[in-house]
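Undergrad: Using the hints provided, position chain B relative to the given structure of chain A.
Line order of the protein sequences matches chains A and B. Just so you know, the working numbering puts 306 at position 192 of the first sequence, and the rest follows in order with no gaps. Just so you know, the working numbering puts 400 at position 286 of the second sequence, and the rest follows in order with no gaps.
Keep in mind that the hints were calculated from the coordinates and are not lab data.
Heads up, the list lumps identical chains together, so a pair's fine if it works in one copy or across two of them.
Derived pair list, reagent style DSS-like, types lysine-lysine, alpha-carbon separation capped at 30 Å:
| id | residue 1 | residue 2 |
| --- | --- | --- |
| 1 | K448 | K129 |
| 2 | K129 | K365 |
| 3 | K258 | K123 |
| 4 | K123 | K365 |
| 5 | K452 | K129 |
| 6 | K438 | K328 |
| 7 | K365 | K328 |
| 8 | K123 | K261 |
| 9 | K449 | K129 |
| 10 | K365 | K135 |
| 11 | K452 | K438 |
| 12 | K328 | K261 |
Protein chains: 2
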Amino acid sequence: MTQLSNRLKSLDPYKPGEQPKDRQYIKLNANENPYPPCPETVKEVTDFLKEHPRAASLYADPDSTVLRGEIAAMLCRTGGVLCKAEGDTPAADKANITPDMVYCGNGSDEVLSLSFYAFFDDAIVSPQHSYSFYPVYCGYYGVKQEKAMLLDDWTLDIERMAETATRLDAPTILANPNAPTGVALTRDEVKWMLDNSPHGRVFMVDEAYMDFGKESALPLLESYENLAIVRTFSKSMCAAGMRIGYLVANKPLIDAITTVKNSMNHFPVDALAQVFGASSCRHSAYYAECARSVVQEREAFAAFLNEHGWNAPPSGANFVFACKEGVSGLEAYKKIKKAGILVRRFDTPGIEDYLRITIGTHEEMSSLQYVMEDI
Amino acid sequence: MTQLSNRLKSLDPYKPGEQPKDRQYIKLNANENPYPPCPETVKEVTDFLKEHPRAASLYADPDSTVLRGEIAAMLCRTGGVLCKAEGDTPAADKANITPDMVYCGNGSDEVLSLSFYAFFDDAIVSPQHSYSFYPVYCGYYGVKQEKAMLLDDWTLDIERMAETATRLDAPTILANPNAPTGVALTRDEVKWMLDNSPHGRVFMVDEAYMDFGKESALPLLESYENLAIVRTFSKSMCAAGMRIGYLVANKPLIDAITTVKNSMNHFPVDALAQVFGASSCRHSAYYAECARSVVQEREAFAAFLNEHGWNAPPSGANFVFACKEGVSGLEAYKKIKKAGILVRRFDTPGIEDYLRITIGTHEEMSSLQYVMEDI
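Next comes chain A alone, as it looks inside the complex (with noise of 0.2 Å):
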């Protein structure tokens, strides 16, 4: 037998949402958005690789120049949330942020690893039910993790996780809005928390969803130094099959990441997933449409589980957390899936009953009622 590293041995790894191939199903399970990306980026990205054929053969930039000053900029336009019309941005959503406060990596799953490595020691305080990959980084790079409750509607604590922070003078991570329950912090809530937390220390957000939700914290970080946002393509940027994802800091967290990556893997990006970045976000409006589809669709599914007595706290995100009393999350996923429909459950104890479904089309999420008016 071959001896492996004892650090394996830690290891408990993400389990992404099932991808079956036994049948065609309506994928709500994994929070991809509905919609393909904007066809003048699918012609620009052909239009680019047949022009530069050589680009596939040369690496790529390590630094993905042209993306990063694409992102700022379209940060700089939509203050970070892409599902509010331009006359919608009041001025105190605007965001001031420049080419070199951007750090590009493969899909924000990669950028969280390296932020985890550059920023986390001992321990870090995060929500009690969060994105599931934070307690696979600790695993992998032996961080304690110290989980703050949620409240019973789902709202976090915030007193209550910055006295935690305070108390163990740890860094803090935290998704807004929050999966999986789609809950969203207010600015003013996630400047409270800065102001209660140690200053010291890295205050990561994660905004995978921010753009189908209302306050980006990218205006707070004229103000504080120790705050990182993360954000990635996946989602409102129909770009999940990519892996495009960033940070958004000041300088000296941005060059401790780059050091991190330039210590594993210099070229994260690859030269066509570069261009089609790029490209993508010269044409963000046509993802704020496509955002503001989704957040419709949303409303009028929230309004459709009220009505059938389904508990859903309100989602500032491209999905909701629902459940029904009397009614077993597993048996209640069964359903749906014998129907042709795939949503998200979680065995985790305290929200087993709960269903996470992605927001589809129009037409996916009149199939998804129809089978959930039975349930």
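TA: Quick look at chain B alone, frame taken from chain A:
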């Protein structure tokens, strides 16, 4: 000041070949392939994206199933050495590789990094001069690197290296052909090392350049369950920009690196890169032709160097490692750069007067020879 992790302090990141933007250079400094990818692959990838744009919106296959199948089929056909003509491949060179013996990652750098995490603990043995990312990963994961000296002709002292590994009961990693020297081991030499190194420890061979060489270790996988072979699409497959690397090993090692991957980034190879890689494997005859051109240019360049008083060990890779008595490596590098050609030079003591020169097209090599005649 925001506190960062203690781990950061021990990092000394890899410094890749320079990518200056002040003028157009002939790039012979990063061991890239001078040829574009196969035109059929460009067509297949662009057709795929146009016909299946939603593939970009959805998470890609986390297991790169199709790509792994095509890699395995290619390795069975070629025995892991592309530059050989089909008829030149004797039975002993044939490899019997199944898809479950292949793991795919975001470039061989990522594959190497995850392998270090999965396979190496306290210490490893590796050659004195080799791929300069190995010491970086040692720093990243806190592994001690025991360096085995090279002999005067830049060959590996395989007896001493195996002795050291046995004394320390440590895993081994080496590159074959080695970088930056280009010197290759025969399969019998690799086999001798496997027989004389600790059987219970991983023995890793980095075959990034093997497609330009003579004898891959792939046929040895049948007999050695501790053997792990890392390979890449960046050199012979004209795809440095696409970030595809892979590990070939028996199932227990593949299972281990897959567990590590699932604890780090569940979807490392993006949807387009998977299609690109799979298509490239199907068109391996094209890349074999490219590899043969590179080998032909390499041999012609070696003859030129010999005629002009340069010393260069015989290379089995797509680069040569050369110096000239009485000529400073830095001065030679500068003269060549002034003429618009980038080659690679290292500050490392012992090799500071050597240049590592990537083999380009016939025209590029003619330009270089014109400059080098005056050095």
